[in-house]
Amino acid sequence: AQSVTQLDSHVSVSEGTPVLLRCNYSSSYSPSLFWYVQHPNKGLQLLLKYTSAATLVKGINGFEAEFKKSETSFHLTKPSAHMSDAAEYFCVVSAANTDKLIFGTGTRLQVFP
Amino acid sequence: EPEVTQTPSHQVTQMGQEVILRCVPISNHLYFYWYRQILGQKVEFLVSFYNNEISEKSEIFDDQFSVERPDGSNFTLKIRSTKLEDSAMYFCASSGWSGGLQETQYFGPGTRLLVL
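Respectively, the protein sequence lines represent chains Z and L. My numbering numbers the first residue of the first sequence as 1 and each following residue consecutively. My numbering numbers the first residue of the second sequence as 1 and each following residue consecutively.
Next comes chain L alone, as it looks inside the complex (with noise of 0.2 angstroms):
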């Protein structure tokens, strides 16, 4: 079964250093997110992206973030300049559409990522 995977499932890193976390989203899919989860907090939405470019982004979405599609298999999140309060999981999601609805979101086993 066709499944969303994301790497590193641990990154560790000091703040105000730049990450890049990584996802491969199921093959023919066109909708590409960003969700995040603080620990001991709802899953976030953050971003979603489709034709190559960003649809939609939350307030949490700001300069720091950015998305791209480098290839036509790889979907990224970068955070440019880390803060402590950036230290959540991060979960990749796509999904399919057909008949002008959206079909279901498959997510990723998420990257847990801790600024110190």
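Looking at chain Z on its own, in the form it has when it is part of the complex (with noise of 0.2 angstroms):
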């Protein structure tokens, strides 16, 4: 079955310095790997998505995600931390041969100024 890790419950930074929340998947397929961000009282909104292309992934305001077969990860970067990135952040994966995404359990990203 399929099923993601997300390896830190919660991240904190200080603003500009680099960002790298975990995500290790289980997966006996080739699998689409997407992350997720929530911000506070809002919905699940989509930063990136892996699906067999290119395994550097680049995704909204500046983050970006390699897909590392060998290790089984899937993590997210970004260079510099921005104050607005604080939120939590999904890694799913989507389910072999269905159309449901499996979500992680969520890395809440703190920035500090």
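Treat the hints as calculated values from the structure; they're not laboratory data. Honestly, I wouldn't trust all of these hints.
Away from chain Z, derived, C-beta distances all over 10 angstroms, residues of chain L [claimed, not checked]:
1) Val19
2) Asn28
3) Thr76
4) Ile79
30 angstroms max Cα-Cα, derived DSS-like pairs, lysine-lysine [claimed, not checked]:
5) Z:Lys69 to L:Lys42
6) Z:Lys100 to Z:Lys69
7) L:Lys57 to Z:Lys49
8) Z:Lys68 to L:Lys42
9) Z:Lys68 to Z:Lys49
10) L:Lys57 to L:Lys42
11) Z:Lys100 to L:Lys78
12) Z:Lys58 to Z:Lys100
13) Z:Lys49 to Z:Lys69
14) Z:Lys69 to Z:Lys58
15) Z:Lys42 to L:Lys78
16) L:Lys42 to Z:Lys58
17) L:Lys57 to L:Lys83
18) L:Lys78 to L:Lys57
19) L:Lys57 to Z:Lys100
20) Z:Lys68 to Z:Lys58
21) L:Lys42 to L:Lys78
22) Z:Lys49 to L:Lys83
23) Z:Lys100 to L:Lys83
24) L:Lys42 to Z:Lys100
25) Z:Lys100 to Z:Lys68
26) Z:Lys100 to Z:Lys42
27) Z:Lys42 to L:Lys83
28) Z:Lys42 to L:Lys57
29) L:Lys42 to L:Lys83
30) Z:Lys42 to L:Lys42
31) Z:Lys58 to Z:Lys42
32) Z:Lys49 to Z:Lys100
Just so it is clear, the structure is predicted and the values come from calculations on it, not from any experiment. Ideal Cβ positions, reconstructed from N, Cα and C, are used throughout, including at glycine.
Could you use the hints to bring the two separately framed chains together as a complex?
Structural data, given as structure tokens:
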């Protein structure tokens, strides 16, 4: 069965420093992987997605993620954090032969001035 | 930019009452979904809907739940007799389909349901 594990429930960074949010996946086939962001009292917004094209995926707001099959990882990075990046981030995998999405437990990103 | 909308944003109800959560998917999308997120827990899939019928549902989606597309724009989730444990944020999503591949699911802002 497909699953994702987000290795950190909370990450705190200073504004202007790099962001790394870690995600490992488990899948018996070549998965589609996503990162969604949820700002307080807002819905889930797609940051980026991987669908077996380029392994380095660029998303909105300067975020990118790299699909590493050998490590079964799909970590999210940003070179320089901004205060507005403070939110909950979800790593998501699409399930095999279905259209449902399977969510990780989320990582809350705090950005300090 | 097209977006999924949901109403109401918040709903408070008494245990045992019926609630209907409403969603307007993106207009050219054909696939519709409901997910929920109990406070402090993962976002969980409830049901997917295509061509006026349920295509998949989770174990959570029991006989107390139903979905409907009553007209060409709305997609609803009904809970017939709410329980305390139904308290959650409910997200609607929609997607298109292209070349045999599911397109990205776009989510609405959610309805926060509180059952007292």
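- Item | Indices of hints not satisfied (ascending) | Number 22 only.
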